[in-house]
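A.B. asks: So the protein lines, in turn, are chains A and B.
So my numbering is basically just the index in the first sequence, starting at one, shifted up by 177.
So my numbering is basically just the index in the second sequence, starting at one, shifted up by 960.
A few of these clues could be false.
Unchecked claim - Quick list of the computed label-pair ranges, beta carbon to beta carbon: (1) B:Phe1145 with A:Phe222: 22 to 28 Å; (2) B:Asn962 with A:Gly234: 47 to 53 Å; (3) B:Leu1323 with A:Gly227: 44 to 50 Å; (4) B:Ala1338 with A:Gly227: 55 to 61 Å; (5) A:Val238 with B:Leu970: 38 to 44 Å; (6) B:Leu970 with A:Gly218: 38 to 44 Å; (7) A:Phe222 with B:Ala1468: 28 to 34 Å; (8) B:Leu1106 with A:Gly234: 40 to 46 Å; (9) B:Leu1518 with A:Gly234: 28 to 34 Å.
Stated by the list, open to error - Here are the computed lysine-lysine pairs in the DSS-like style, where the Cα-Cα straight-line distance is at most 30 Å: (10) B:Lys1074 with B:Lys1419; (11) B:Lys1138 with B:Lys1001; (12) B:Lys1001 with A:Lys216; (13) B:Lys1138 with A:Lys216; (14) B:Lys1419 with B:Lys1350; (15) B:Lys989 with B:Lys1001.
What the hints assert, rightly or not - One side only, chain B facing chain A, incomplete, derived with CB under 10 Å: (16) Val1034; (17) Ala1169; (18) Ala1223.
Worth flagging that the hints you see were computed from the coordinates, not collected in a lab.
Just so you know, these numbers come straight off a predicted model, no measurement behind them.
Beta carbons are placed, not taken as given, at the ideal position from N, Cα and C, and that holds for glycine.
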Amino acid sequence: MTRPNSFAGGGKPPHSSGSAAAPKGPHEPTEAELKREEKPGVPGFETWAGVYWFVFGSFVVVVLLLVAFSGAYA
Amino acid sequence: MNALDWIVLLGTILGIAAYGTWRTRHTRKLDTYLKGNHSTKWGTIGLSVMATQASAITFLSIPGQGFDSGIGFVQNYFGLPLALIIVCAVFLPIYRHLGVYTAYEYLGRRFDAKTRLLGAGLFLLQRGLASGVTIYAPAIILSTVLGWRLDLTIVFTGITVIVYTVTGGSAAVNLTQKWQMGVIFGGMVTAFVVLLTKLPSELGFSGAAHVAGAMGKLHAVDFSLNPDRRYTFWSGLLGGLFLSLSYFGTDQSQVQRYIGGAALREGRLGLMFNALLKIPMQFFILLLGALVFVFHQFEPEPVFFNRSEWQHHTQGPEGAPFRAIEARHAAAHTERETAVRAWMAVRESGGPAAEANARKAMLAARDRMEGVRNEAKAALKAADPRVSTKDSDYVFINFIMTQLPHGVIGLLIAVMFAAALGSKASELNALGTTTTIDLWRQFRPLAAHDERRNIHSAKWFTAIWGMFAIGFALYASFAENLIEAINILGSIFYGVVLGIFLVAFFFARVRGTAVFWAALVSQTLVIILYNVLSISYLWYNLIGCAACVILGLVFQGLFGRRSPAQA
Chain A
178 MTRPNSFAGG
188 GKPPHSSGSA
198 AAPKGPHEPT
208 EAELKREEKP
218 GVPGFETWAG
228 VYWFVFGSFV
238 VVVLLLVAFS
248 GAYA
Chain B
961 MNALDWIVLL
971 GTILGIAAYG
981 TWRTRHTRKL
991 DTYLKGNHST
1001 KWGTIGLSVM
1011 ATQASAITFL
1021 SIPGQGFDSG
1031 IGFVQNYFGL
1041 PLALIIVCAV
1051 FLPIYRHLGV
1061 YTAYEYLGRR
1071 FDAKTRLLGA
1081 GLFLLQRGLA
1091 SGVTIYAPAI
1101 ILSTVLGWRL
1111 DLTIVFTGIT
1121 VIVYTVTGGS
1131 AAVNLTQKWQ
1141 MGVIFGGMVT
1151 AFVVLLTKLP
1161 SELGFSGAAH
1171 VAGAMGKLHA
1181 VDFSLNPDRR
1191 YTFWSGLLGG
1201 LFLSLSYFGT
1211 DQSQVQRYIG
1221 GAALREGRLG
1231 LMFNALLKIP
1241 MQFFILLLGA
1251 LVFVFHQFEP
1261 EPVFFNRSEW
1271 QHHTQGPEGA
1281 PFRAIEARHA
1291 AAHTERETAV
1301 RAWMAVRESG
1311 GPAAEANARK
1321 AMLAARDRME
1331 GVRNEAKAAL
1341 KAADPRVSTK
1351 DSDYVFINFI
1361 MTQLPHGVIG
1371 LLIAVMFAAA
1381 LGSKASELNA
1391 LGTTTTIDLW
1401 RQFRPLAAHD
1411 ERRNIHSAKW
1421 FTAIWGMFAI
1431 GFALYASFAE
1441 NLIEAINILG
1451 SIFYGVVLGI
1461 FLVAFFFARV
1471 RGTAVFWAAL
1481 VSQTLVIILY
1491 NVLSISYLWY
1501 NLIGCAACVI
1511 LGLVFQGLFG
1521 RRSPAQA
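So that you can see chain A by itself, here it is in the shape it has in the complex (with noise of 0.2 Å):
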């Protein structure tokens, strides 16, 4: 999930901007940080898309509790 490059705006290099090549902060990613980057770090999940997928799933979750609440107490 994690391939800026693959998007339309992420082919330009961050300091190709003519007009206000401006100071930069350090945190120019290099590839080795952008793939250390693709772990999410989170317990029990490997991938950024399985987080994803978590909160999506937990987003169906709400939504039936809701339908559920509105159902028990109507």
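Given chain A, put chain B in place with the hints provided.
C.D. replies: Using the frame of chain A, we list chain B on its own:
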């Protein structure tokens, strides 16, 4: 409010502001000033994103919404988790990889200077005008209820936020928002617990939920496809998805909160934290309002929740008809309470037919009560056509002031101010940053390499936007209609801005000129449709976005064929 409330309020609000100012007073690096501390972890980012979205109006109006219309408003947030997943997967890695300070800086790199200026200009126009409203809207409610001077409330709020935002920039905003959210969570949970203790002892939470449900306040999800319904699962999911995608992905006040931090992971986890918590949090606030409604089935409520407005009329020379309405309201309340208690008794021990009859009687008593309240609003309007008869914003603050113990009142007023300061700080921070990076540095390119001068400019622009917001809020009291116009303005701009970004991310062959004209034409189309159609404003996010993407592709086809070099 007594001395204890004042100590809690001022101690909390000024303490957090002073702490933020003191801790970040030595910020000398532009990167830290604009993006926040590099060691910032996901928890701080997550709370900062949440504090930016949750303004004082969230905590004043949403319980009122729960009281008035029930908890169905929660559906408006259904698109949010999905939007945050997309922002995490697509938007955030690109922003971080390019090391941009603003979302619009990315447009300059992907397209050209004019598209960057268009994006930044739309943001500055919309947020700049709205900046006065975010101070004015809570100030008018708090000053009315607490009897404070409106102008002093506006100036106090504005100056406090300007001091720490200008001093420490993003680092101060992140730090203070973390503590402000702590106050907000603590205050709202305290209010919830106190409210439960105030309900009749035989009721309990389950009984209160049954009363609210029987009164039609707990219908959370509506799968209806009827476009006339205001809040449905579908409008919340689709319209809310595009609104949230635009807000979290392209609005600098949010982008600035998550592009900093120790690593990409921290920003992502901060956003996922919001994706998980936002709907339960909004549900909780709405439920609080629904339970205040239940509380008032057993304890008399004011005829009109803006008490000072009502008292102004009852105590005036023409007060007799208003006092007569009050008497009818008191009688209607007694009748409704009797009907509710009868329904509760039958629900426990009677059969289905008896329960249905008792419920019918209870709903009829509720409608008669509502009729008296409408009569009161009509009388107010007849006495003064300028008066606003929407009193739901005053429901929760009225409960706080009349039912909570001293000390907790101070804490809850601190919640409102913490929310106002948190959202305002992000807004000023973003306005100052965008003005510096996307405008000032565009026109002063030689100054771009002078870090000290950049910080100096960012501080000045932040302060100027803050003073503008205070001035606008002071003026807003003379132009109530302007507030509504600005809110509408915001909702019709978001979709097109999102369209520009989606083209940038997903359609590599579309160039600057095509998307620039597509955005202008789409914006015009949305404004025309807004004047012609009467659909929910959420849909304009989808329409504006879709029009911009489709026209971008069409124009690229036309321009590209005519002159590839220019396109």
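A.B. asks: Of the numbered hints stated previously, which ones are contradicted by the structure, given in increasing order?
C.D. replies: Failing hints, ascending: 9, 14.
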